Structures are given as C-alpha cells and as structure tokens.
Amino acid sequence: GTPPSDGIYYVQIRKKSDSKLVQIEAIEVIGEQSPGLGVGVYQDIDTALNYRGDWYSYANSNALGGSFMHTDDVTATIEFVVDTTEADTLLLYYRQRVGNGNFSITVDGTTLPDTVITNASTAIWGQSTVVAGLSTYDAGVANEVVVQIEIDTVSGVDLEGIELLGGANQLA
Numbered sequence: 001g002t003p004p005s006d007g008i009y010y011v012q013i014r015k016k017s018d019s020k021l022v023q024i025e026a027i028e029v030i031g032e033q034s035p036g037l038g039v040g041v042y043q044d045i046d047t048a049l050n051y052r053g054d055w056y057s058y059a060n061s062n063a064l065g066g067s068f069m070h071t072d073d074v075t076a077t078i079e080f081v082v083d084t085t086e087a088d089t090l091l092l093y094y095r096q097r098v099g100n101g102n103f104s105i106t107v108d109g110t111t112l113p114d115t116v117i118t119n120a121s122t123a124i125w126g127q128s129t130v131v132a133g134l135s136t137y138d139a140g141v142a143n144e145v146v147v148q149i150e151i152d153t154v155s156g157v158d159l160e161g162i163e164l165l166g167g168a169n170q171l172a
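At position 52 of the sequence shown the residue is numbered 52 (the numbering used here), and the sequence of numbers has no breaks.
Hints listed in this document are in silico derivations from the structure and should not be mistaken for laboratory results.
Note that this is a predicted model, so its numbers are computed, not measured.
Worth double-checking, as some hints may not be accurate.
[As the list claims (entries may be wrong)] Distance ranges between label pairs, derived from CB positions:
hint	residue 1	residue 2	range
1	T85	N62	32 to 38 Å
2	D138	L91	18 to 24 Å
3	I117	G66	33 to 39 Å
4	L91	Y56	20 to 26 Å
Ideal Cβ placement from N, Cα and C applies to all residues, glycine included.
Given these sequences and hints, build the entire structure.
This is the structure:
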C-alpha cells in the first residue's frame, strides 16, 4: 500500500484463538532502511543514538546541551548509523573527571587503535575525540557506516553528545 505520511508503519501481531501458544523468535523488516545521521549536532538524549546496557541521564548546565549520559556498565554500548554522503567526520563529546574510565570506537566492524581515556585530575567538560574519513570504513551498506562506542572499564564514562561534519576540512 501507500506509505503513511510520517513514514512510520505500525504492526500488530495477534493470535487467532486463546487455545494455542504463539512464540515469535524474530522479526525482520525488509526494504529501505531509514537514512543514517547527517551533518549536525546530536545531544546525548537523541533517539538516533541507540544505548545498550545501563545508562543514566543527568542534567548539568556545563554539558553540551545541558545534559549527559553516564554509565558504569562495562557491557554498555552506544550505536548509531552515519550517512557518509553527508557526513564524514565524527566529533564525540565527553566529560573527563577523576575516576572515569575508557572507551573505544568501532566503525563498520573496525575498532580504531586509540582508546579514549576519560580519567583526569579534575572535571573537564566538552572534551572531544575526532574520527575523520568515516566513508573509508564502509564495509557493507553503500554510503552508511555503523559507529559503536564500547566501554572498556567499569570506572564510568560520561557522554555529552556527538557532532557530524561534512569532511575533515571543516575542522580548520
């Protein structure tokens, strides 16, 4: 049929009778995927950032956009898709502070060599790490890369948000 104007489909699955048990193992959606993130600033609470594990949102006027996400969960991750026809450079904003831990960044299955260390002798907001050339990591879906941030220690990590730029030359 005709796609809804908001682009969102709602699916309801019902069993036909009360006498049988229905078990669903998986649901696969086939078709056009929603586009990845383009150029812009995305706050820590943006719904395009897929958080897994235990994350907690805190308000703080020093943080980018006035809030940040915190985790002490070593299994915690953040994942998002970037449209590399629009954005090719990632800036990831975080807070350094006493007792914070480390995280690593993976782009389309390639873990970047530098671990980001967020421990510092004093709290410093708005720290960033830069990943340029996102399109060079494209290992599958044309013009899209999956970025995953993995927590390496249980000491805690504070994420303020991300910014995507059109290319490395925009950093100058």
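Hint check results:
1. T85 to N62: 32 to 38 Å: Holds, at about 34 Å.
2. D138 to L91: 18 to 24 Å: holds (19 Å)
3. I117 to G66: 33 to 39 Å: Taking Cβ atoms as reference, I117 and G66 lie about 25 Å apart, which means the hint is violated.
4. L91 to Y56: 20 to 26 Å: holds (23 Å)
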